[in-house]
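Student: These protein sequences, in sequence, are chains A and B. Per the working numbering, the first sequence runs over residues 20 to 94. Per the working numbering, the second sequence runs over residues 1105 to 1865.
Some hints could be false.
[To be verified] Keeping only pairs whose Cα atoms sit at most 27 Å apart, straight-line, the calculated DSS-like set for lysine-lysine is:
#1 B:K1490 with A:K81
#2 A:K71 with A:K91
#3 A:K71 with A:K81
#4 B:K1289 with A:K81
#5 B:K1289 with B:K1189
#6 A:K91 with A:K81
#7 B:K1265 with B:K1189
#8 B:K1490 with A:K71
#9 A:K71 with B:K1593
#10 B:K1369 with B:K1289
#11 B:K1490 with B:K1593
#12 B:K1342 with B:K1631
The hints are simulated quantities; they were obtained by calculation from the structure and are not laboratory data. Note that the structure is a prediction, hence the values are computed from the model and not measured.
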Amino acid sequence: MTLQDLRPGESGRILEFEPNAVTDRLMEMGMLPGSVVQVVRLAPLGDPMDLKVRGYHLSIRKAEAAQIRISKCEA
Amino acid sequence: MSPPDPISIALVGNPNVGKTTLFNRLTGLNQRIANFPGVTVERKSGTLTGAPHVEVIDLPGTYSLTPKSLDERIAYEVLVGRRDKAPDLAVCVVDAGNLERNLYVASQVMDIGVPVIVALNMIDAAEENGLVIDASVLEAELGVPVIPLVATRGEGVDQLKKQILDPPEPAQGYRWSLMDAVSAKVPELSRQLTAEVDEVQPGHIQMEVLRALAEDNALDVWRGSAPEFVRRTEELRKEFAERGVAWRHAEVSGRYAWIGPITNKAVRRERESTTVSDRIDALLTHSIFGPLFFLVILIGVFQAVFSWATPAMDLIETGISAFAGTVQSVFPPGWATDLLADGVITGVGNVVVFLPQILLLFFFLGLMEDTGYMARSAFIMDRIMKRVGLSGGSVLPLLSSYACAIPGIMAARTLDNERDRLITIMVAPLMSCSARLPVYTLFIAAFIPAGTLMGVFGTQGLAMFSMYMMGTVMAFGAAAVLKRFVFTKGPESYFVMELPPYRRPRARQLLLRMIQRSKVFAVRAGKIILACSIVLWFLASYPAVDTDSLRMQIEMQAAEQREAGYAEAETLLPAPDMALPALDDSLDVGDPVMAQIQAMMQQAEYNYTAAMDSAQLVQQSAQIRGSAIGYMGRILEPVMQPLGFDWKISAGLVSAFAAREVIISTLGIIYSVADAEEGVALRDALKADRYPDGRPVFTPLVAVSLLVFFVFALQCMSTLAIARRETNTWRWPLVMWLYMTILAYIASLLVYQGGQLLGLS
Ligand SMILES: Nc1nc2c(ncn2[C@@H]2O[C@H](COP(=O)(O)OP(=O)(O)OP(=O)(O)O)[C@@H](O)[C@H]2O)c(=O)[nH]1
Chain A
20 MTLQDLRPGE SGRILEFEPN AVTDRLMEMG MLPGSVVQVV RLAPLGDPMD
70 LKVRGYHLSI RKAEAAQIRI SKCEA
Chain B
1105 MSPPDPISIA LVGNPNVGKT TLFNRLTGLN QRIANFPGVT VERKSGTLTG
1155 APHVEVIDLP GTYSLTPKSL DERIAYEVLV GRRDKAPDLA VCVVDAGNLE
1205 RNLYVASQVM DIGVPVIVAL NMIDAAEENG LVIDASVLEA ELGVPVIPLV
1255 ATRGEGVDQL KKQILDPPEP AQGYRWSLMD AVSAKVPELS RQLTAEVDEV
1305 QPGHIQMEVL RALAEDNALD VWRGSAPEFV RRTEELRKEF AERGVAWRHA
1355 EVSGRYAWIG PITNKAVRRE RESTTVSDRI DALLTHSIFG PLFFLVILIG
1405 VFQAVFSWAT PAMDLIETGI SAFAGTVQSV FPPGWATDLL ADGVITGVGN
1455 VVVFLPQILL LFFFLGLMED TGYMARSAFI MDRIMKRVGL SGGSVLPLLS
1505 SYACAIPGIM AARTLDNERD RLITIMVAPL MSCSARLPVY TLFIAAFIPA
1555 GTLMGVFGTQ GLAMFSMYMM GTVMAFGAAA VLKRFVFTKG PESYFVMELP
1605 PYRRPRARQL LLRMIQRSKV FAVRAGKIIL ACSIVLWFLA SYPAVDTDSL
1655 RMQIEMQAAE QREAGYAEAE TLLPAPDMAL PALDDSLDVG DPVMAQIQAM
1705 MQQAEYNYTA AMDSAQLVQQ SAQIRGSAIG YMGRILEPVM QPLGFDWKIS
1755 AGLVSAFAAR EVIISTLGII YSVADAEEGV ALRDALKADR YPDGRPVFTP
1805 LVAVSLLVFF VFALQCMSTL AIARRETNTW RWPLVMWLYM TILAYIASLL
1855 VYQGGQLLGL S
């Protein structure tokens, strides 16, 4: 599954990325394979997402989230 | 004792960590804002208070030194000395509440080989959130001095200053380790690069190699100068890919693998807390309340900007015309005085008059930025912006453009997607700026009948609102078209934005930033408007028309008429040898006949004064009719006729090329109306004007057509000049001017011709 599939409140562990400029940036901002990411909420119109990564909030679009494969963490 | 050698220090760090706050603390008001040569990134520098030999440079905020945006490239180039002399010391400002990600760029800076001090900022906020950070552990692990700070309150700034004046040894880089498969290849690539180019310092080779390996942008830099290095790097990438080596994130993973344990050791979480920030977010990005709040903020800001600025603007306007008047009367009459008063002072006044609005707008934008709400507005709006191919990041530049396109275009720098940035710049001038407002006001008040629609909406207010809507909708449309047909290359727009915690804004910081930004606006726009005003003054004053004889003629006529008035009054006298009564009507003359005579004399006097007063206006009007601008208006008339514009409006449009609002004063002169700014007199003159065949020059339809023209046309030299600066070419400003002018022409044509077909007038 990808990060896009998580619902608000759920977390996932990053497995791998589609390699491109956007995911390069995401990695620099601390989203690496192995990191745990939580979906905090969605924007009022359903996109983008508000994520919690390494203790801070980062917002990305679902289209970008779809390029990140994850495994869901059980609560 | 000889003065100490000058040294320079650079502040680096993520966006929003308090770099600027710290910079202001370190330098006080000894600041200079310029641009880095050749690019549009601001170079903010100042001298350390109490140590004038130390220059402090505030670099743009960056998440990484690997170039993705222009800002990041500049930060990197400054640090390695490719811009100015390399700094003697780097101060890495990090947010204590978000240490892990902040140390990423710090680890990159440490690899450069300059002395490094880590400024651990915002410890107050971190503590509030239950984080305790042991600076000494951090210091030991990183191997560089770490100074805890609260920049907003100035705590720790003195220690930092002391440390700056007693800098450490250059930081030892590469404490993190690269995965073996990749690091095995680094020496080979380094040798190759060194063999091909010699501009890279030995200490920076490894960094360049890693960047080139991981990033296409960074690799492309060497395509010309080191083709063999590029070929070999590409080969290696392929090889890695086949062996399943994650070359792309080798460096990033290596750094985070080093940083992770360090932060674990240095940071203790005392309590798990849902922060206040999270709770505010639950409200402000709520699916219903969030957008509502955004709308309220938006309307509130506009309301405030427009209504609060008005008194100040009126004051400035009065002051400037009084000043121009004083100059006129103090200096000997002549063309130089006229140029100074009508050209220079009025021209500069045209910019200064917008300062109150600009200041207020910058204040509110600064407030939104400093509290962290700006990022939320991007978060809320991104979905809508995406529909036209932009992202939430364009919200701020486009909003600013409602006040003035110049700050809007400058704000587009924050977009790290170059394609998005260009498109945003290209459409920003379509947002109705405050310079259009006086034009809207005049024509709407004159030609849109006051009344209500469906009993609720005032028609004039509605008309005003449609002007803003038209521009906004067109801006979105243009963005979509530009994206699809003009800026077709480059990455798709994306949205990666940090949502920083909400923070309490600081008045000092806010005011300082507001003033700095406004100054940049005033200086940049001021210079251009000044130049244009001078040119326009010449165009309106030459060729000189001999208006003196015209004036004499008017004065003679006025005198004759007065004489005639008196003669007529005399005929009413009961006895031919009686004297005329006194003019002063406070004296009761008693006799009704005498009272009537007195009234006639007063009328004659009144007419005389009025005629003498208008002589100067008529003179000015004759001058502009015969001037180069009047001539241009007549040349343009056949082209503008299909839009319903006569030569006078055309001349007004020519004069409005430099700045939109100038059309009002030009029309004021043409129609010989004193105090065009007051509006009412000009309004009546416009309504009364007739073509030789008796048709009115201005009908409501003509007014609407003109309004539409103003919504779309790019009549602003300053915008063109700023766009030139920000895109580094004349090409885009030219395209911008062309497309907007064509758009304006076609839109007005459709309005006027369509309206006539429908039988409107
Ligand atoms: N609580 C707290 N807030 C701070 C501190 N230092 C700065 N701030 C706030 O953090 C916000 C951002 O500060 P800036 O100085 O604009 O940050 P910057 O790093 O220059 O940001 P960019 O210009 O985006 O690079 C402002 O609202 C400051 O008032 C601090 O020590 N404690």
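Student: Going through the earlier hints one by one, which of them does the structure break, listed in rising order?
Tutor: The structure breaks hints 4, 5, 9, 10 and 12; every other hint is satisfied.
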